[in-house]
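Chemist: Sequence:
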Amino acid sequence: GRGSDVVPDPRERRFSIERDVLKLALQYPGVSATPFKDIEPDDFTHPWYREIFEAIVDLGGPESAGRERVLAALPTGGSATTVSALSVEGLHVTGEVDGRVATEYAVRLRELAARRRIEQVKSRLQRMNPVTQASDYNCMFGELVALESHRRALREQAIASDV
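Every letter in the sequence shown is one number past the one before it in our numbering, and letter 4, counting from 1, is 4.
Simulated from the structure, these hints should not be mistaken for lab results.
Be aware that a few hints might be false.
[Stated by the list, open to error] Simulated restraints on C-beta separations:
id, residue 1, residue 2, range
1, 76, 100, 33 to 39 Å
2, 64, 160, 27 to 33 Å
3, 45, 126, 19 to 25 Å
Glycine included, C-beta positions come from ideal geometry on N, C-alpha and C.
Sequences are here, hints too, so could you generate the full structure?
Modeler: Written out as C-alpha cells, the structure is:
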C-alpha cells in the first residue's frame, strides 16, 4: 500500500470495525450503500483500509464498485491482497445481513472516529492557556462540545440499532 507496508492483522481488534465495514461493502453492496455514504476516509485508521475505502468511493460506492473493479483500482500488493481476503472472510453477525446491520457497523466506525477526535481536541486544550489564548481556547472548547454532542448522537443511534 502507499500509506504503509504493514499488513493489517485480521485479528487485531482495533481494526475490526474498519475491516467489517469493508467486508460489508464488498460482500453486501446492496445493503451497505446507504450507510457507507456517511463514512469519511479519516474514519479509517489503517492506511490500507483507508485506501480500499477511497477506491470504493471513487468507483461510485459499494453497489457499483465490486471486488474486481476495486482490485483494478489499487496498486498491486498488500491492499489488493487485503481486498481479496475481505471479499471472502466471514462476518460475525446473528441472523441475516441487512441494512440494519450495515448501519450498525457504519455508526460504530463513525463513533470510534469521533472518540479519537475528541481525545485529540482534549489533549490540545490541556496544553493551552485559557487566559492568554482565550480566543483559540474558546473556539476549541466549542469544537469539543460539538464533537461530544455528535458522539452522543451516534451512540444513541447505535443503541437504538442494537449494536
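Chemist: List in ascending order the numbers of the hints, as given earlier, that are violated by the structure.
Modeler: none
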